[in-house]
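Assemble the whole structure, with the sequences as input and the hints as a guide.
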Amino acid sequence: MRLLIKLGGKVLEEARFRTLLSRQTADLLGSAHELALVHGGGAQLNDLCLRLGIPVVRIQGRRVTDERTLEAAKMVFSSINRDLTAALLYQGVPAIGMAAGDGFLTRCVQRPPLQLTHFEADGSVRSETVDFGLVGEIADVRTSVIESLWAGGMVPVVSCLCSDDAGRILNINADTLAARLATALQADRLVFVSDVDGLYLNPEDASTRIPRLNVREVREFLQRGVIRDGMVPKVQAALGALEGGIRELQLISGARLREGIEGEAGTILYQA
59 MRLLIKLGGK
69 VLEEARFRTL
79 LSRQTADLLG
89 SAHELALVHG
99 GGAQLNDLCL
109 RLGIPVVRIQ
119 GRRVTDERTL
129 EAAKMVFSSI
139 NRDLTAALLY
149 QGVPAIGMAA
159 GDGFLTRCVQ
169 RPPLQLTHFE
179 ADGSVRSETV
189 DFGLVGEIAD
199 VRTSVIESLW
209 AGGMVPVVSC
219 LCSDDAGRIL
229 NINADTLAAR
239 LATALQADRL
249 VFVSDVDGLY
259 LNPEDASTRI
269 PRLNVREVRE
279 FLQRGVIRDG
289 MVPKVQAALG
299 ALEGGIRELQ
309 LISGARLREG
319 IEGEAGTILY
329 QA
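Under the working numbering, think of the first position of the sequence shown as 59, with each following residue one higher.
Hints in this document: simulated from the structure, not taken from any laboratory.
Each residue gets a CB set at the ideal place from its N, CA and C atoms; glycine is no exception.
Don't take every hint at face value.
As the list claims (entries may be wrong) - Restraint ranges, calculated between C-beta atoms of paired labels, are given here:
(1) R277 / E71: 29 to 35 Å
(2) Q281 / D141: 34 to 40 Å
(3) S265 / T187: 26 to 32 Å
(4) E275 / T175: 17 to 23 Å
(5) L110 / T187: 24 to 30 Å
(6) D180 / E320: 41 to 47 Å
(7) R286 / L108: 20 to 26 Å
(8) P113 / S202: 21 to 27 Å
(9) A264 / G225: 44 to 50 Å
(10) D124 / R60: 36 to 42 Å
Here you go:
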């Protein structure tokens, strides 16, 4: 099975969680899975920005990236990449850390302003145009970079920094990066790993976890505002991957990574 696993920043904050994820990754690799990892670092970037007095601006779960935020992102994402790669190596995983722009794995352009729709508490709908700043949109993916690493027995660990044709570094949404890579690589499954075990009708009630959703149901949930905040870009990236040919996508807790891949846990999104 060819797997693309996206690790959220929150599950990488502490060394003990990195160790747990690295052990599970080693087990999966031992089951003859082809693996590539993509990681974010939003929580850590927020912490550094607050310490440096840099405003943290997020709109519908998407970060607005100015020059100071980008400099902080380069420090944070590079640090996470080194720590995660080292943890994987310690568990026997032949990991190699890289950024999304390395080796022309991705080529990016700066994201143009987007028209966003807001669902208000009173049921009304509001639209606004937002410029997200130094954020990259992926123009193309060079799959041979990862495929050559796989051929050499390596496990790529990719951070969400890319560059454009002018040599500028840009911040990419890690969920979007994972979805584009999974689609280009024709992965059997894309797995989003975070600190929550899937989608819930009520985030405060674990009994409302939704085991499976098809694309039509996901779109309805987005339109009704059931899926909110940081889960919106994650689910939108998931829809893009499913429409791009990925058979199924899984949202799962980091504590249940191996269990979920080898069974059913979290929430499975699939084409109807």
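Quick rundown of the hints versus the structure:
| no. | hint | verdict |
| --- | --- | --- |
| 1 | R277 / E71: 29 to 35 Å | holds, 32 Å |
| 2 | Q281 / D141: 34 to 40 Å | holds, 39 Å |
| 3 | S265 / T187: 26 to 32 Å | violated, 40 Å |
| 4 | E275 / T175: 17 to 23 Å | holds, 19 Å |
| 5 | L110 / T187: 24 to 30 Å | holds, 28 Å |
| 6 | D180 / E320: 41 to 47 Å | holds, 45 Å |
| 7 | R286 / L108: 20 to 26 Å | holds, 23 Å |
| 8 | P113 / S202: 21 to 27 Å | violated, 40 Å |
| 9 | A264 / G225: 44 to 50 Å | holds, 47 Å |
| 10 | D124 / R60: 36 to 42 Å | holds, 37 Å |
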